[in-house]
Structure formats: structure tokens, C-alpha cells
Amino acid sequence: MSKEPIRAGEIVVFNVDGREIPIVHRVIKVHEHEDGEVDVLTKGDNNFGDDRLLYAQGQMWLQRHHIMGRAVGFLPYVGWVTIIMTEQPIIKYILIGALGLLVITSKE
Amino acid sequence: MHSFGFRANALLTFSLTILALMCAIASISDNLNSPSPTATVQILNVNRFQKKSTGDDEVGFTLDISADLQSLFTWNTKQVFVFLAAEYSTPKNSLNQVSLWDRIIPAREDAKFSTRIKNKYRFIDQGSNLRGRDFNMTLHWHVMPKTGKMFADKLVLPGYRLPESYR
Chain A
1 MSKEPIRAGE
11 IVVFNVDGRE
21 IPIVHRVIKV
31 HEHEDGEVDV
41 LTKGDNNFGD
51 DRLLYAQGQM
61 WLQRHHIMGR
71 AVGFLPYVGW
81 VTIIMTEQPI
91 IKYILIGALG
101 LLVITSKE
Chain B
1001 MHSFGFRANA
1011 LLTFSLTILA
1021 LMCAIASISD
1031 NLNSPSPTAT
1041 VQILNVNRFQ
1051 KKSTGDDEVG
1061 FTLDISADLQ
1071 SLFTWNTKQV
1081 FVFLAAEYST
1091 PKNSLNQVSL
1101 WDRIIPARED
1111 AKFSTRIKNK
1121 YRFIDQGSNL
1131 RGRDFNMTLH
1141 WHVMPKTGKM
1151 FADKLVLPGY
1161 RLPESYR
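Residue numbers (our numbering), protein chains in the order written: chain A, 1 to 108; chain B, 1001 to 1167.
There's no promise every hint is true.
[Claimed, not checked] Quick list of in silico lysine-lysine cross-link-like pairs, DSS-like style, CA-CA up to 27 Å:
#  : chain 1 : residue 1 : chain 2 : residue 2
1  : B       : 1051      : B       : 1092
2  : B       : 1052      : B       : 1149
3  : B       : 1078      : B       : 1120
4  : B       : 1112      : A       : 43
5  : A       : 3         : B       : 1118
6  : B       : 1120      : B       : 1051
7  : A       : 43        : B       : 1149
8  : B       : 1120      : B       : 1092
9  : A       : 3         : A       : 43
10 : B       : 1112      : B       : 1149
11 : B       : 1052      : A       : 43
12 : B       : 1052      : A       : 3
13 : A       : 43        : B       : 1078
14 : A       : 3         : B       : 1092
15 : B       : 1112      : A       : 3
16 : B       : 1051      : B       : 1112
17 : B       : 1149      : B       : 1051
18 : A       : 3         : B       : 1051
19 : B       : 1146      : B       : 1112
20 : A       : 3         : B       : 1120
21 : A       : 92        : B       : 1052
22 : B       : 1052      : B       : 1078
[Said to hold, decoys possible] Sample of chain B residues with no beta-carbon within 10 Å of chain A, all distances over it, derived:
#  : residue
23 : 1099
24 : 1157
25 : 1159
26 : 1163
27 : 1164
Treat the hints as calculated values from the structure; they're not laboratory data.
Glycine included, C-beta positions come from ideal geometry on N, C-alpha and C.
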């Protein structure tokens, strides 16, 4: 992710301690200290409340090290590939099997 | 070279490439749009200005937000997310951005609006630095495309000031 500072409105990808799936939500509050350290609060656009319920016990803010990246665009339906492969692992095996078969049977 | 597998593979790769190209063209067409949004924000009343028991200042406003964001919409726009943030600096924090209100605008017709509301999210400082504080009201908008690059911009409305004392 770029070194640009985190600003309100940006959609960030972050991990919460204890949760395996990262969350992609918008930054609604930023408090940047003199030394560059930043406290950030996020919220899903269509959610009623902010993400404090999703953060770790007692955690009120996210810091820079929690944030893994930013969203810059949108590709429709691409996420479904990951979702289907996670929910029906057999599809993952079929796909890898088919690719492997193609590689083996290739005459080049 | 003529097996089912190879033909299926070629078809899949070709269709994915075409889809990617269409997505890129749709996204680039958004750059042809030159938006001209307008907005005004008025603080109608400061309802509440207190130091909380945690030691942090909190302000509650009634605001009048009027904007015309219709020019942001293109055929490739899914929705526009708009929010109003109070932006200020204090001796403790070099930058504070606190979102006060936001809305999802699903279509062009809904993009011209005027609303009178209390701040949706609480305006709480880290510390007790808000008395007499000058701040900007910045209206941010994020245009979310049906496909492709998102783009964001803002309108800075400077010149607001919080009261000198609690009420």
C-alpha cells in the first residue's frame, strides 16, 4: 500500500486481532498526532453504527499497522470466485485438477 | 491443438480479456466527465458543547446541508457516497477529521438535496481543545462506479468557529 497518509473517506482493508477475514470499510474519523502516528475509526457505509463492535475488546481505534491496503476501484463479480472456492472447496479442487490436466496433456 | 480442453481454455481466456477491456473502457469514459458540484453548509445551532467525563470535548450541532452533486453522475456510476467532515488541528493532534454526516446517493435525481439534521456521528475531540477552535467543514464525495476506478474529491468550506465556552 502506498505511503500516503490515511485520510477520512478512504476505504481501507484491515485485520482485527482474532478475526481471520479482513474487513473493507470506510474511514470516518482520523486523529493524526504530531509524530505521524494516527488513530482511525472505520464504518461500513450502510451500517448503522461504527466498527468499534468489530474491533478487539477494549480497542477504540485502528492504527497504521492494522491497515493492509486501500480500495481504489471495483470489478464486478470477481469476489464471487473467492467466495465460491471458500464455501465449496470441491470447486477449488476441480479447478486445480482441470488446470493440472491441461498442463500435463499439453503437447508443447 | 484441437482438443476440447484447448478450445475451452482459449474461449475462456478470450472472453476474460474482452471483459477486462470493456471494464477499462467504461472506467476511462468516466474521465471525460467534468463535474461541477456545489454545496453550502450552515450551522443553525450549537445544541451541546460539553467536556465529557472522559475529559474529551463534545459538540452537537443542528446543520443545514444543501448540495447539487448531479454533475458527478455518469452512465458508469453505481452510487455516490457523500459525507461532511469537520477538519481542524489542535496542539495535541496535527490533523483531525471527524465525519459528522453521510449519505448514499443512489441516483442522479437524488443528488440535489437540502437537509436539516443533527450531526449523525458524534463530534468528539481527543482531549479538551475545542473551545474557540477554528475549523473547516469539508464535503467529501466518493463516486462508486459500476465497474473500474473509484474517484473522490472534496469541497472545503472554511471559516467556522466553535464557541469560546461550553454550553
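message: Can you confirm whether the C-alpha distance between residue 1051(B) and residue 1092(B) stays at or below 27 Å?
response: Holds. Residue 1051(B) to residue 1092(B) sits at ~16 Å (cutoff 27 Å).
message: Would the hint linking residue 3(A) and residue 1118(B) be met if the CA-CA limit is 27 Å?
response: Violated. Residue 3(A) to residue 1118(B) sits at ~35 Å, over the 27 Å cutoff.
task: Compare the distance between the alpha carbons of residue 1052(B) and residue 1078(B) with 27 Å, and conclude whether the hinted pair is satisfied.
output: Cα-Cα ~40 Å, so violated.
query: Straight-line Cα separation of residue 1078(B) and residue 1120(B) no greater than 27 Å?
result: Holds: residue 1078(B) and residue 1120(B) sit about 24 Å apart, inside 27 Å.
- prompt: For residue 1099(B), which was marked as not at the interface, is the minimum beta-carbon distance to chain A over 10 Å?
  reply: 4 Å, violated
task: Hey, is residue 1164(B) genuinely clear of chain A, shortest beta carbon separation above 10 Å?
output: Check passes; 23 Å lies beyond 10 Å.
message: Just to be careful, I want the Cα atoms of residue 1149(B) and residue 1051(B) compared with a cutoff of 27 Å; is the pair within it?
response: 42 Å, violated
- prompt: residue 43(A) and residue 1078(B): Cα distance at most 27 Å?
  reply: Between residue 43(A) and residue 1078(B) the Cα gap is close to 20 Å, so the pair holds against 27 Å.
task: Quickly compare the C-alpha distance for residue 1112(B) and residue 43(A) to 27 Å and report which way the hint goes.
output: Holds: residue 1112(B) and residue 43(A) sit about 25 Å apart, inside 27 Å.
Straight-line alpha-carbon gap residue 1051(B) to residue 1112(B), limit 27 Å: Judged against 27 Å, a Cα distance of about 36 Å means the pair is violated.
- prompt: Does the alpha-carbon distance linking residue 1120(B) and residue 1051(B) stay inside the 27 Å limit?
  reply: Holds, because 19 Å separates the two Cα atoms, which is no more than 27 Å.
Nearest-CB test (10 Å) between chain A and residue 1163(B): The claim stands: residue 1163(B) keeps its Cβ more than 10 Å from every Cβ of chain A (closest is about 21 Å).
Going down the numbered hints, you'll see the structure goes against 2, 5, 12, 15, 16, 17, 18, 20, 21, 22, 23, while the others check out.
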